[in-house]
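Chemist: Chains as they are written, first to last, in numbering that gives the first Met the number 0: chain F, 0 to 319; chain E, 0 to 319.
Among the hints, erroneous ones may be present.
Which stretches of chain F does chain E cover? Using the computed rule of at least three CB atoms under 8 Å from a CB of chain E, they are [stated by the list, open to error]: (1) 14–23; (2) 39–53; (3) 63–72; (4) 123–135.
A short list of chain F residues far from chain E (calculated; beta carbon distances all over 12 Å) [stated by the list, open to error]: (5) E60; (6) A84; (7) E91; (8) E106; (9) A187.
The set of hints was computed from the structure by calculation and includes no laboratory data. Even for Gly, the Cβ is constructed at its ideal location relative to N, Cα and C.
2 protein chains.
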Amino acid sequence: MHIVITGAAGFLGQQLVERLLAEGELNGQTIRHLTLVDMAEPPMPATDGVEVTRLALDITEPGGLDAALAAGPDVIYHLAAVVSAAAETDLELGMRVNFDATRALLEGCHARGLAETRLVMASSVAAYGGELPEVLDDMTALQPQNSYGAQKAMSELLINDYSRRGLVDGRVLRLPTIIIRPGRPNAAASSFASSILREPLNGEEAVCPVSTDLAMFVMSPEKVIEALIHGAEVPGDALGPFRAFMLPGITVTVAEMLETLRQVAGDEAVARVRHEPDARISAIVSGWPSRFTTRRARELGFRGDGSLREIVDAFLNGKA
Amino acid sequence: MHIVITGAAGFLGQQLVERLLAEGELNGQTIRHLTLVDMAEPPMPATDGVEVTRLALDITEPGGLDAALAAGPDVIYHLAAVVSAAAETDLELGMRVNFDATRALLEGCHARGLAETRLVMASSVAAYGGELPEVLDDMTALQPQNSYGAQKAMSELLINDYSRRGLVDGRVLRLPTIIIRPGRPNAAASSFASSILREPLNGEEAVCPVSTDLAMFVMSPEKVIEALIHGAEVPGDALGPFRAFMLPGITVTVAEMLETLRQVAGDEAVARVRHEPDARISAIVSGWPSRFTTRRARELGFRGDGSLREIVDAFLNGKA
Ligand SMILES: NC(=O)c1ccc[n+]([C@@H]2O[C@H](COP(=O)([O-])OP(=O)(O)OC[C@H]3O[C@@H](n4cnc5c(N)ncnc54)[C@H](O)[C@@H]3O)[C@@H](O)[C@H]2O)c1
Ligand SMILES: NC(=O)c1ccc[n+]([C@@H]2O[C@H](COP(=O)([O-])OP(=O)(O)OC[C@H]3O[C@@H](n4cnc5c(N)ncnc54)[C@H](O)[C@@H]3O)[C@@H](O)[C@H]2O)c1
């Protein structure tokens, strides 16, 4: 089993590498070779026995994917992307990384006859937008209101078409908002969703820029990684007529997040959250849908978190 | 008012040119210049006073759109496309014409600062697919099951994103199946839908390859041309969060088509239709959705045919 990961130095990429090496196998086959691709050389993971090739390259360069595809990988995780703020600032960059590189990957598989290769891409809740219903389902239109979401939606269509034609075996997972991300707050509009739990649990202050009524559709990093692994294991013919679907996140309000924080760490932890409404952040995140039936993903065996409490407990266990 | 039409030598292109010249104005402004683009030089339309530039070129060539865009047109009708069978046979050709040329058009407008230019593209009912509900609406997902539909859906997303960013003023009309097309039967799977009316009305035989229960979503060529004209007249800010929507076709069954034929031309006309079921054609066309609420289009003032009888009467008047 040879696995290629683009964006392997990123947040999910590194966690996925670690988990794959811990498992030692994917889809019942021993992992013998990992090819890790990113702009800068991905860190060397701890392993004995598994061959690790690390490639520092820009996948948007002509032929940039040749080295990764030459050996005919069994599975490709396509995680390289420029995220929403960057894609909104620089349309050309977003198109190149988020769309053209996906197309190059598909064409590379096509040219090499990699029809059996399972290509797993991460799409996003940001691909939804417009006049959304109260509860979204697998047949809700993607009418993205940001360039990142549009580029992800276009990549979904292309992966589906190449898969339908039998040129590759693609599957696209639309990720909910991920909480609790480790590390520090960042520029993402959703950064507060991790921050208002993580910082108080670490004894630090956090800022909540949105109303406590705000509902979000969330998934823990652990469940996202499990979904990426399951995404490579689902048989192609089980996927039905469209290769992209929303993962089974859970719907939580900010008020529920603060109440869970109180349950696990007391009133003094909740007191560390300062409420400073930010109209810009509120406007962005309130446009994201928060309620989904995720029938297709559930039928395919994808599993979400049991509860917000489980997400917080897992974070505390990870720290311990 | 300077109007560019790509695919101007095609079926809809030629009808649109004729109608625009007959009207003499678009959106309340006198038409002074038409630029007609197609692979071969489009025929010279009858006009006095309107400047007509005819360009024989391949819009997928680098710089292929430069001559058409240089003068900064007020309206662009982007009708050039390779249709479904050709796009299914040749993925690379379909991607180039149906998607890359749309992107080049958008980039060409962007590079020249044509933010006010109204870009009207024709999309298709073929962009729908998958596990569709009984009645589709403006928020039904596009999960195309053919490359033509996938390329149209990707173009929709791109036109919407460029419009959202204020780089062009795009609008995309998803066309129902067009009946009654003039001329002869062709290779399109939907060819019979025109044929079973047109041929008997002309005293000729026709073949019906599908069950008389089959329902289709249809629109007359006249109403499609009116919709293209209206599509350039709707103000951009009325279009809401997504620039693509289904036009208000009407749902008709093959049985209703034959009954209407009987009403206008008697039993002997109906007797000219031979029923020869064709599994391949039935499989294709039965996958196309036939029932839509088309709220967005109606609110924007797009109008469909009143009834199947009106479509047939208009065809007979056109012949007379
Ligand atoms: N909720 C969501 O919508 C959501 C959340 C997380 C991740 N995602 C998606 O999951 C994937 C991984 O996300 P992440 O959080 O790990 O992001 P990340 O930014 O941490 O990692 C992305 C990696 O891609 C690399 N990359 C970017 N451009 C590249 C190029 N041209 N060539 C090579 N490498 C390049 C970056 O260097 C980075 O290491 C992305 O596709 C992202 O869009 C979606
Ligand atoms: N129901 C539907 O879904 C439906 C029905 C009709 C038309 N449409 C769409 O409406 C548009 C017009 O359709 P039509 O029936 O007039 O089709 P058509 O095939 O008669 O016309 C298309 C024209 O585009 C031209 N063309 C193709 N590739 C070109 C290139 N590379 N450079 C320059 N010109 C090129 C062709 O030469 C042709 O004249 C198309 O975009 C089509 O997809 C959709």
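Chemist: Next, verify each hint and record whether it holds.
Modeler: How the hints compare with the structure:
Requiring three or more residues with a Cβ within less than 8 Å of a Cβ of chain E, the coverage given for the region 14–23 of chain F is violated, as only 0 such residues are present. Only when three residues or more bring their CB closer than 8 Å to a CB of chain E does the claim for the region 39–53 of chain F stand; here the count is 0, and the claim is violated. Closer than 8 Å: that is the beta-carbon criterion, and the region 63–72 of chain F has 0 residues meeting it against chain E, so the requirement of 3 is violated. Given a C-beta distance limit of less than 8 Å, the hint that chain E covers the region 123–135 of chain F holds, as 5 residues qualify and 3 suffice.
Here E60 (chain F) stays apart from chain E, with its beta-carbon at least about 19 Å from theirs, past the 12 Å limit. Every beta carbon of chain E lies more than 12 Å from that of A84 (chain F), the smallest distance being close to 14 Å; the non-interface claim holds. Here E91 (chain F) does not stay apart from chain E, with its beta-carbon only about 9 Å from theirs, under the 12 Å limit. Not every Cβ of chain E is farther than 12 Å from the Cβ of E106 (chain F); the closest lies at roughly 9 Å, contradicting the non-interface assignment.
Residue-level check passed: A187 (chain F) sits 20 Å from the nearest beta carbon of chain E, beyond 12 Å.
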